[in-house]
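Model the placement of chain B on the given structure of chain A, informed by the hints.
Chain by chain, the residues run as shown.
Protein chains: 2
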Amino acid sequence: MNVISLAIWTLEKNCFIVYSGLIVCFIAFTLYHKNKLEEYYSETSKKEKMARTGTGGKARDFQDDGDEDPDLLVPAIPEDTPQIPYSPPQRSDDEILQRSREYYELMAERRTVRSFSPEPIPQEVLDNLIKTAGTSPSGAHTEPWTFIVVQDPEMKSAIREIVEEEEELNYNQRMSRQWVTDLKPFATKPVKPYLSDAPALVLVFRQTHSWREDGKKRMHYYSEISTAIAAGILLAAIQYCGLVALTSTPLNCNARLRDLLSRPVNERLELLLPVGRPHKEATVPDLQRKKLEEIMVKI
Amino acid sequence: MNVISLAIWTLEKNCFIVYSGLIVCFIAFTLYHKNKLEEYYSETSKKEKMARTGTGGKARDFQDDGDEDPDLLVPAIPEDTPQIPYSPPQRSDDEILQRSREYYELMAERRTVRSFSPEPIPQEVLDNLIKTAGTSPSGAHTEPWTFIVVQDPEMKSAIREIVEEEEELNYNQRMSRQWVTDLKPFATKPVKPYLSDAPALVLVFRQTHSWREDGKKRMHYYSEISTAIAAGILLAAIQYCGLVALTSTPLNCNARLRDLLSRPVNERLELLLPVGRPHKEATVPDLQRKKLEEIMVKI
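Which chain is which? The protein sequence lines are A and B, in order.
Take 1 as the starting number for the first sequence in the UniProt record's numbering and just add one per residue.
Take 1 as the starting number for the second sequence in the UniProt record's numbering and just add one per residue.
The shape of chain A in the complex, shown without the other chains:
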């Protein structure tokens, strides 16, 4: 009897054991993969469900903590906060019209500038700019923002070094070819002298959540859109004063800049705005803005 015949004989003799073995393997394997797939599907549908409920907010903004003790269900600001009358100065139609024109003309002069004069900015101006940003609306008045204002030359250099290192990788490896192509007219490049030239850098961090005095997590609803709206009001304030800024979104620098600036892990860098006066030889690309009829629909 050779080896093959012996094997066949054994298999035939013990065919029920072999059947059982195979069936057990099959069931175990099926269950394993089924669980994996179910996990995946349930995660996906949860994400989708959350995404459906949110416009602009992230799923995590809307999730409760597990520890939903009804005794802890007190609002983040007192529920009995009184309502007070609100009657701002009344302006006539003519005055409103006049101011809307004036403000448009002022804002229309705003441009992103990539070349700064190193002339310093008075500290009170920076304070007022950030105070103005702090007047922004936010989801359930959570004010989910921290503004880091860097004027120290060494810290500016350290920030520049990190951003330049990451940008080198972004341009060469991380960004799509279409993206690099789309950026060409703006003459952006990995070298960023403005990060040390500009007298101040404003780093806009978003707080994904915070903690209440009773130690419970404070949910920050719509933290992304709220922080970006605050950045819009900050840019308007910079323009109104007569200063300029560069609206930059430092790709892939969040963790390193957060560590450098010792920010907590519930904060995330959204924007980095060099602020100052334009260099006297500053240039900007000769761009046009879309016409009103391209961006507005009247109904």
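Identical copies look the same in the list; a pair holds intra-copy or inter-copy alike.
Here are the simulated DSBU-like cross-link-like pairs (lysine-lysine), alpha carbons at most 35 Å apart as the crow flies: (1) Lys280 <-> Lys290; (2) Lys217 <-> Lys184; (3) Lys290 <-> Lys184; (4) Lys189 <-> Lys291.
In short, the hints are calculated from the structure, not lab data.
Structure of chain B alone, referenced to chain A:
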């Protein structure tokens, strides 16, 4: 010979055929699930990779289309766009300081109002407000926004009906208990009379992408943060004129309002801003804003 004995005899007799059948099933099943899982893992790792590269932007903002024909790799705006000098009016330190104070005081008076006077707004004011929003910066100057300005009473009612229906569901089913609790001090509720009272509703839509003249998809980098910054500048303009707004994020209304307003599928509703004058008996919750030292870190 009973049925069971017959079955056993058949299985023993044909054990190699049964073995083969089981093994084929096993292999087919394995391959099927393996493919599913691989698909999932590759999607996840792609998303993670994209998420790592983005701060504030969404993964899809950074993806190339599949059809990356090098001949089509022309920038969305001409690569030879000339650079022009930029020298806005120079202001002295004193003037900058004065204006930064004045602007802060003006913006600090802004409040979200939930009770509007129906008095209409001059059309040119609305035009100027939207033109001002259109001066905002955006990723690679893609200007990814559409502002729908609704003054027609029937359309306002139709919008109100949709928002109220969805809000009823949001409050009762979709929002977390903590969220509903956190909103109590703001006296928000599913009934929204301001949607028909306010003389104008501005619906801020974000364009996730658009199309170039050559038919190729135009990527909108950082469309979320760009549109929210534009909304911030719009709110600043509304306040500067002497009007008021309500910053609302209509949860779960995107698809229905997009259909109602016949907007294309590349647009997504981010904000709904009733705009007008406050009702003469308007009240606001007696909230305080965070102090400067709570939101600003000086380095």
